[in-house]
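One letter stands for each residue in the lines below.
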Amino acid sequence: MPDSLAESPVSNAADWTVSELSGALKRTVEDSFGHVRVRGEISGYRGPHSSGHAYFSLKDQNARLDAVVWKGNFGRLKLRPEEGLEVVAIGRITTFPGKSSYQIVIEQLEFAGAGAIMAMLEERKRRLGAEGLFAPERKRRPPFLPRVIGVVTSPTGAVIRDILHRLNDRFPRHVLVWPVRVQGDTCGAEVSAAIRGFNALAPGGPIPRPDVLIVARGGGSLEDLLGFSEESVVRAAAESSIPLISAVGHETDVTLIDFAADLRAPTPTAAAEMAVPVRADLLAEVAGLHARLRACFARGSERRRTDLRALARLLPSADAVLAVPRQRLDLAGQRLPRALKANAGAHRLGLTRVEGRLTPQLLAVALARRRERAGDLAARLPRGLTANTARHRLRLTRDESRLRLIAQALRDRRERGRDRLDTLFTRLQRCRRQQAAERAGRLDAVAKLLTALSYKGVLARGYALVRDASGAPVHAAAGIGAGDALEIEFRDGRVAVTATGAGPEAPPSPARPGRKPAKTRPAPLPEPPRQPTLFDS
Amino acid sequence: MTDAADVNALSFEKALAELETIVAKLEGGNVPLEESIALYARGEALKARCDALLKDAEARVEKITLGADGRPTGIQPLDGE
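Listed in order, the protein sequences are those of chains G and D.
No gaps in the numbering here: position 182 of the first sequence is 182 in UniProt numbering, and each next residue is one more.
No gaps in the numbering here: position 46 of the second sequence is 46 in UniProt numbering, and each next residue is one more.
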């Protein structure tokens, strides 16, 4: 039995080669999944490869599927792949035998339902809004009455007709249509190019530059309108220096150009209404204002004329106003010649009076008077000089004799001073000598007294002074112990001795034995009473 | 003040607003004679300017023609289809 077990079991099934199996799998897979729609989130997308093909994967919570878009197909995609985008991919599954893998070859991409589109728009709106492209302060008011209106829309279809129709109703204008496709892949690029193109027109150029732009499209599915939400369109609308009115889809449709536009119209017709006022209303308004202008001007003129007439009636006649002044003038006119004559006569009379007195003799008299006076003064001049000199000389002599007297007095005073000084000096000398002798005598006496009172005097009489080892005088036997070193001073010198026995016990009242009473001052001699000395003063 | 060139440069909106102001002023009745004449003359000029702008209501509808590079090459009447 072991033998039979050891033999490999023989089967009638043929062995596959790897290639055969891989080929069979490939056929099976491609036959079964030749056309699939698969829903998933785009993951790992980093733009087309340099070869032009795009590689990424589709994933959901549990699985991942490699995906490829061939170069030739990439341009035909309705929807550009975006990382994280929820899509439905349409294509076929193929295997790649070289790597034992399978993948989907995508032919078309679609949004995975409205939710995915809304999510993408919401994200884009948030991102562009964060750049400030939708800020209210960017919005400008379109001109009240534009001359040229630029419309970006399809040149065919209901939208442009609606706009033109409403413009003609309200105020026919010069309209320039920039034709664009309003759906499909190229829609966004064409719309943004049109907005930028209108802005690029030079004012006064061959093509007139619009004063306001309308970007319009009729209603459509969410995907149809996507071109108007493209980033390039939003940026072009936000950057447009010409005020822009957007009218894309119905009022409930949301496109991002609406947020970047200066005005948002719910419909193309409404956009036309926003772009121009109603001409008939304006004509009526102007006519009304004009009528009021004329009426009130006429009224003002009429009122002034009436006022003028009323005042004119009150004005007195010119004759009445002038009568009194004229009478005064006449009167004055009559008196004028007479007055002139009288005045001239009075002056002539005065002249005649003065004329008689004006003679050469008048001059001669004045001259003679002055000459006489000059002669007089000339005569007095030398006399005056002499008198003046004499007066000064006299004063000089007087001063001189007074100076001499003063000099004599000063000399006398000096002599007297010198005599007095000599006398005083002699007296001073005498005083000093007398005082010095007195002081020497006193010093002598005191010195003698001092010697007599000194303890040396006692020693001279045969007494001796005992001192202890510190040199202090000892004046009692008590307190001296045997063996204490002492010193005895005699009249003629000192001898060092040693006590051979102790003195009597000290009385108990003083301090400890062996010590001299501290309070007892060594006083071998009473201090001589203090006498006044020469140095006391 | 009554400068024809100045008035002819005004936009419709500005001309209309000024005309309204002038009418209101004259209706107030406190304007000296000289000034009222000048105001009236300017009012007339403004009215003429508004009329001219309103009369210029010719409907012209044209389509931009684009070259191969997407740049505008000219305009042609829009064949209203």
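There may be inaccurate statements among the hints.
Unchecked claim - With a Cα cut of at most 20 Å, we get these calculated EDC-like pairs of lysine to aspartate or glutamate:
id, chain 1, residue 1, chain 2, residue 2
1, G, Lys78, G, Glu285
2, D, Lys25, G, Glu302
3, G, Lys71, G, Glu82
4, G, Lys125, G, Asp169
5, D, Lys14, G, Glu82
6, D, Lys55, G, Asp330
7, G, Lys99, G, Asp169
8, D, Lys55, G, Glu30
9, D, Lys55, D, Glu44
10, D, Lys55, G, Glu302
11, D, Lys14, G, Glu285
To be verified - Sample of chain G residues with no beta-carbon within 10 Å of chain D, all distances over it, derived:
id, residue
12, Ala24
13, Met120
14, Gly197
15, Leu201
16, Glu285
17, Arg292
18, Leu385
19, Asp412
20, Ser470
21, Thr500
What the hints assert, rightly or not - Covered stretches of chain D (chain G as the covering partner; in silico rule of three or more C-beta atoms under 8 Å from a C-beta of chain G):
id, stretch
22, 26-34
23, 37-49
If you are wondering where the hints come from, they were derived from the structure by calculation, not from laboratory data.
Source: prediction; values computed, not measured.
Virtual Cβ for every residue (Gly too), placed ideally from N, Cα, C.
**Hints the structure fails to honour** = 1, 4, 5, 6, 7, 8, 10, 14, 15, 16, 17
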